[in-house]
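Visitor: Each chain, written out:
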Amino acid sequence: AQRVTQPEKLLSVFKGAPVELKCNYSYSGSPELFWYVQYSRQRLQLLLRHISRESIKGFTADLNKGETSFHLKKPFAQEEDSAMYYCALISSGSARQLTFGSGTQLTVLP
Amino acid sequence: DAEITQSPRHKITETGRQVTLACHQTWNHNNMFWYRQDLGHGLRLIHYSYGVHDTNKGEVSDGYSVSRSNTEDLPLTLESAASSQTSVYFCASSDRGNSPLHFGNGTRLTVT
Numbered sequence: 477a478q479r480v481t482q483p484e485k486l487l488s489v490f491k492g493a494p495v496e497l498k499c500n501y502s503y504s505g506s507p508e509l510f511w512y513v514q515y516s517r518q519r520l521q522l523l524l525r526h527i528s529r530e531s532i533k534g535f536t537a538d539l540n541k542g543e544t545s546f547h548l549k550k551p552f553a554q555e556e557d558s559a560m561y562y563c564a565l566i567s568s569g570s571a572r573q574l575t576f577g578s579g580t581q582l583t584v585l586p
Numbered sequence: 069d070a071e072i073t074q075s076p077r078h079k080i081t082e083t084g085r086q087v088t089l090a091c092h093q094t095w096n097h098n099n100m101f102w103y104r105q106d107l108g109h110g111l112r113l114i115h116y117s118y119g120v121h122d123t124n125k126g127e128v129s130d131g132y133s134v135s136r137s138n139t140e141d142l143p144l145t146l147e148s149a150a151s152s153q154t155s156v157y158f159c160a161s162s163d164r165g166n167s168p169l170h171f172g173n174g175t176r177l178t179v180t
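If you're matching them up, the sequences are chains U and W in order.
Sequential numbering of the first sequence, starting at 477, is according to my numbering.
Sequential numbering of the second sequence, starting at 69, is according to my numbering.
These aren't lab readings, by the way, just hints derived from the structure by calculation.
Heads up, a few of these hints could be off.
Think about it this way: if two alpha-carbon atoms lie no more than 30 Å apart in a straight line, the pair counts; the simulated DSBU-like pairs of lysine-lysine are [what the hints assert, rightly or not]:
#1 79(W) <-> 485(U)
#2 491(U) <-> 549(U)
#3 541(U) <-> 485(U)
#4 549(U) <-> 533(U)
#5 485(U) <-> 549(U)
#6 125(W) <-> 485(U)
The structure presented is a predicted model; accordingly, all values stated were derived computationally and were not measured.
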């Protein structure tokens, strides 16, 4: 069974500091991984996906198959980055369900 | 613009009552999903549908049912509401298996 683990429920950093939100997964096939973000009082939205290998709002995430990780990073956090972040995995094959981690609440302090 | 809407935004009901949460999308997406969001658990899949008349159970389907009579709607029914079903419910849709999900604004359900 596929599983996504986000070990930190809460994470606080100061504005301008680097931030890393951890995500580990377990899946026997070739996963597709995503980061979703939920800003206060807004709906969940896609932040980035590993296959696009792009940087969104200064965030990047690299899939490390050896460590089964997909950590989200940003070199200089901004206050507007404060939000709930979810790592998610979609399985290959016919039943392509999206499985979410438990989420990390990021707070960027002024 | 295409969108996905959920109603009601807030609902308070009593234990044992039947409750239906609505989800309507105008993306013309085949895939629709219901998740519940709970502190410490993240989002957990309740039911999902890959097309009209198709429904499937997710990770936490007990006590819930869905039906898909058209492309646009996937209502979620709680047959007999329980306090453990107090949660925030999110509906989502996508057009292909690996496409990003588009989420609704959520419904906050309280079962007293």
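Visitor: Evaluate each hint against the coordinates.
Guide: Structure-based check of all given hints:
| no. | hint | result |
| --- | --- | --- |
| 1 | 79(W) <-> 485(U) | 27 Å, holds |
| 2 | 491(U) <-> 549(U) | 14 Å, holds |
| 3 | 541(U) <-> 485(U) | 23 Å, holds |
| 4 | 549(U) <-> 533(U) | 11 Å, holds |
| 5 | 485(U) <-> 549(U) | 16 Å, holds |
| 6 | 125(W) <-> 485(U) | 27 Å, holds |
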